[in-house]
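Peer 1: Taken in sequence, the protein lines are chains A and B. In terms of the working numbering, the first sequence opens at residue 1 and continues consecutively. In terms of the working numbering, the second sequence opens at residue 859 and continues consecutively.
These are computed hints drawn from the structure, not numbers from a lab. Please note that the accuracy of each hint is not assured.
Stretches of chain A that chain B covers, calculated by requiring three or more beta carbons in the stretch to come under 8 Å of a beta carbon on chain B [claimed, not checked]: (1) 72-81; (2) 155-165.
Now the stretches of chain B that chain A is said to cover, found in silico as 3 or more residues with beta-carbon under 8 Å [said to hold, decoys possible]: (3) 861-874; (4) 941-953.
Keep in mind that this is a model prediction, so the values were computed, not measured. All C-beta atoms in this analysis are idealised placements derived from N, C-alpha and C, irrespective of residue type, glycine included.
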Amino acid sequence: MLFSPPLKAKEESSSPATYTRSEYLFDQQRHAIYVRTDKMFGWLFILQWIGSAIAALLISPYTWEGTQHSIHIHVWQAIVLGGIVNSLPLFLVWKQPGTLLTRQTIAIAQMLWSGLIIAISGGRIETHFHVFGSLAFLAFYRDWRVLLTASAITALDHFLRGIYAPASIYGVQVAEPWRWFEHSTWVVFCDFFLIISIRHSLRDMRLMAHRQAELESAKNYVEQEVVARTAELKLSEQNLRDSEATIRAIFETAADSIITIAENGTIETANQTCEKMYGYQFHTIFGKHISFLIKQIGDELCTEDSWVKWRDMCRVRRNALRLEGIGLARGRVEIPIEISLSFVNLKGKKLITAIVRDISERKEAERRVSEFYSIVSHELRTPLTSIRGSLGLIEGGMTGDLPVETLELVNIARESCDRLIRLINDILDLKKLEAGKFEFHKMEITPSELLGMSLAFTEGMARERGIRLELGWTTEQPIIADTDRLNQGLVNLISNAIKFSPKAGVVELSATIADNAVRFVVRDQGKGISKDQQHKLFCKFQQVDSSDKREQEGTGLGLAICKAIVEQHGGQIGVESDSDKGASFWFTIPVVSGEFYKPTEDEGRTSYVVVIDDASKLGDLLNRHLLPSRCQLVHVHDSDEASKVIAERVPDLVIFNVSQPDEADLELQEQLRSLYAVHNKPVVLFTHSTSDADAPSPVRVEWHKRPVKEEIVVRDIKRAVDSSNCPTVLVVEDDPGTRKTLVHQLGKYGIRCLEASGGEEGLNILATENPELIVLDVGLPDMNGFDFVKRLREEPSCKALPLLVYTGRDLTAAERRDLTIGFTRYLTKSKASELELVSAIDELLEKVRIEVEAKANS
Amino acid sequence: MYLRRSARTLVLFALWLLLIICGIWVSMEYEKTPARIANAAAQAKAIPTMPAGSSRSVTANSATPNSFCPNYTPVLTGSKQYELVMFAHPQCPCTKATLSELDRFLGRNNNVSTRVYFIVPNGFESWKNSENFKAAARIPGVEVRIDENGVLAEKFKACASGECFLFDRKATLLFHGGITVARGHEGDNLGLEQLSSIVEGRSLTAISNVVYGCTLFDAN
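Based on the sequences and whatever the hints tell you, model everything.
Peer 2: As C-alpha cells, this is what we get:
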C-alpha cells in the first residue's frame, strides 16, 4: 500500500484516449522532474565540492610540524575524493539526465558526500543532518527507489565505518555493534514519511495529469467546436453577405422607387430607381421630408401633418397601404404615382417603407381605355337604344296593328336586342368594377325595401315561368348601399333562381342579420350545383352548363358582376348547394353606421291614391312601386269602404281592381265618374273582359286586360298621377333614331317634346321656348354635353332648369359634376328602361313643381 | 550496442566505486594515525582498547611520578587538587577539537588547575594571535601561556599539539596523552575518560594515551 502506485480509479473512469494521454503527461512530467532534479543535484555536487574544499581550506588548510606545514589531508579529501565522488554523477547528469542509473548514482554519491562531510567534520553529530537533508533532497525525484538506495548506502557506510573507523562516523573510538542499525533506523524513519509524501505527490501529479488531459480533451473539443462554429459562422456571414448583396441588388434594380422614411417623415434611404424617377441624387434628398418627393397621397396633400396621419394608419394596418398620388420630380414636375406604405419595426427602429411606382404610362393607358370604352359604349348603346325603342313602339302598336307573324318577329328582334344590350352593359359594368372605376352612390336602405325593389323587377319574369316568389324573414336593419347596384345583383340572383327552378317551383328570399352583416339569401328548387362546379360559378363567362344544349340563355357574367358589386360593398358572396336539392345563393353586406341620404317619410307624398282591390297582391305591388313615387296609398277591399275614404279626401287617383264587380261596385264607378268629371282626377280600372266596349269608361288612362304586366301598370299609374299638366321637354340628341324613339316614348306619357340634333340648335330653341326639362346626350357633333351645360350656366333663365343626362357613356363623378345644373339626373342609354326614363323625368319635374309651390307659399 | 554501453557504464561505475573506497580508506588511515611522542614506548603501560597492530601507540607509565619533567612542581592553590599542563601548536587545526574537549572536561571538573602552553618559535610572534590561542583563552579556568621556542615543551618531552600532562599536589604524573578520539575529532574518547576518572577519584592509576595533533617541533 505504501509503495503501491497511486490510485487510478478516477483516470480509469475516463475515456481510453484521455487515460492514455494522462499517463503520457504523467510520465512526461516525471521525466521532467527527474531531469530537473538531476540538474539540481549536479549543481549541488559542484556546490558541495567547492564548499567542502573552501571549508577544508579555511578550517584546516595545513597540517604542521613545528614551523613546517603541509596541505592538510582534509583539503585533499575535499578536493580529490570529492572530485572522484562528483565525477560519475556529473558525467551522467551531463550525458544521461533523467535515467534511473543517473538517479541511483546521484543517490549513492550524495550519501557518500554525507559520509565525507561527516568524516571531514570529525564525526560531528550535527553533520549527520546532512544525511537527512540529502534524503529530503533526493525525495525531490519523487522516486522512492532512490531513497532505498541512499538509505542502503548510508547503512552500509555506518556499518563498515563502525567497524573500521568508528571515530570517523560516531566520534568514538569504540562503537557499539548495533549503532549502525540505530542510525539506519532513523534513516528509515525519515524514509517512511518521505515515501508517503512521494506517494501523495505522485497521486497529485497523476490527478493533475488527468485533469490536464481532460482539459486538453475539452480544449480540443472546444477548439473543434470553435473551428466548426467559426466555419459555420463564416458560411452564415458569407450567406448573409450574399443575401444582403442580393437584396441590395434587388433594392437597387427594382422597377419601383423604394424609399425608407423615418417616423418623422425624413428620407433615410432610397434606391437608384428613385434617383432616376425623381432626377435627384440621393445625397440631395437624404434627410429631407418626404413631401419633397410626394406632393399628394390619395386626395390629400402630403404635408408634415398629413404624414403623421398616414404613418399612424400604416402602424395599425397589417397590409401595406396602397394609394395613388402625385410625385414631384426634379424641376417640380408632377408625375402620377402609386405609393405603397408599410410600417416596419426593425428591432425597435421604426420605419415606413414607401414603394413608389411611376404610373404615368398606366394612367395614359387607362385614359385611352376609358376613352375607348366611352366611344364603344356610346357608339353601341345609342343605335341599340334606338333599335330597341323603335321595336318597342312597333310592338306596342304605335304604327298600327301588325300581322301576328310580324309581331312575333318584332318580338324576337326586340328580345335579341335586349340580350345584346344586356351583354354590352354587363361587359362594361364588369370592366368598370374590376378596374375599380365604378362609382357607387351609397345611401341608407333597409333590406325589405331592397328586396321589394328586386321583387318588383322579377315578379313578371317569375309569373311568366310559373314560379312563385316567396319573401321570407326580412330584417329592418338598415344597410349602406348603392341601391341600384345592389338591386342589380339581387335581381340577377333571383333571375337565375327563376331560370333554373322547375315549373311551379318556389324561390325564397330572405334577409337576416348574421355577424354584424345582413345576409341576403335566394333559394331555389332547381337541380342544384355540384361541389366541383361551385368554385367556378363566380368567374367570368362561367356557366354550370356551358354546352350548346343548355336550356337557359345568359352571358355568364351575371354572377361575376354580383360578386364584384358585393365585394365593393365590403361583403362576401357564395353558394350552398347539393345536387338535386336546389341551391342557396347568398351574399352579405356589412352593417355600417354613417350619415347617408334617406328620404323622409312624407317627402314627396303628394299624391293620394286609393286602391280598391278585392285581393291584397295589387296593393302590395303598388305600395312597393309607388313609394319611390312619393304617393300616399290607401288600400280598401270593397266599395263601401272606398266610398267612405273618398268622402273624407278626394284622391288624386283611384285604382279599381275588382275581378267580379257587383252592383255596389258599378255604383261606385258611376260615382267616381261624376266625381272625377268635376275634379279631373284619373281612375285606373282593371278588367277581365277582353273587349273595351264592355268596360266602364274612366276619365282617362287605358284599360288593362288581365293578366296585367306589372311595369305597365306602374307606368300608367305614374302617368295618371302626374297627368294634371302636360310638361314640355327639350330633347338634345344627335342620333335621329334615338331622338325619335325618345319623343315617342315620352309622348305616350303626355309629354311634349322639343327636338334638337345638336347643342347650338338646342340653345336656339331655349332662346324661344321655355321647356320645363332638358334631356341631353353628351356626345353631340357641334359641341359636347359639357360645353352645352357650360353655356346653360351662363344663361340666367336656363341655369335652374332640370336636366336629364341621357348618354351611352358611363359617367364618372367628375363628369357628373361638370354636367350638373339645377336638378340633374343621369341615365345610361340601354341600361335604363323606358319606365326608368319616364320616372326620372317625372321625378325632376316633380322637384321643380315642389320648389315652385314652396316659393309661391313663401 | 546497448550491451556494450551498459558494460562500459558498469565498468565506469565499478571504477568509480573503487576509487571512492580507496580514497575513504586513505582518509580513515590518516584519521586513525596519532602523533609521535618521545619516549613513550618505555614508559607506557598497556592500554587494552588500543588497536593491537599500532606500532606507534603510546603506553602509560603507572609507576613513574614524573619521568617526563622531573623538576616540574605544580602550583596549586585553594581547592585545586590537580594541575593539567597542555602543549599546543598555535596553528594546528586538530587542536581545536582538543580545546573543545578540554572545555568540556573543565566544565565538569573544577578541581583542576589548567595551563595551556602555546609553542611560539622565534620569528613567529604572529602566532600569538592565532585562533587556537584565542579559543584557549576563552575557556574558563585555563591559564594560557607562551612557551617561547618550546623550552618547556622540550623539558616535558612533549611532541604533539594537544599533549596533556596531569599532576597531583605531589607532582606525580597521573596522565599523559591526548584527549581526542582522532585527528580533529571531538567526542567521547579514551584519554578524556581516563582523565575524568582520575580527577573524579574513580581511578588512581597513572595512564597514558595517544595524541592526535600536529608535531610541535620541526622534524630535524
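Peer 1: Compare the structure with each hint and give your call.
Peer 2: Here's how the hints hold up against the structure:
no.	hint	verdict
1	72-81	holds (count 6)
2	155-165	holds (count 3)
3	861-874	holds (count 4)
4	941-953	holds (count 5)
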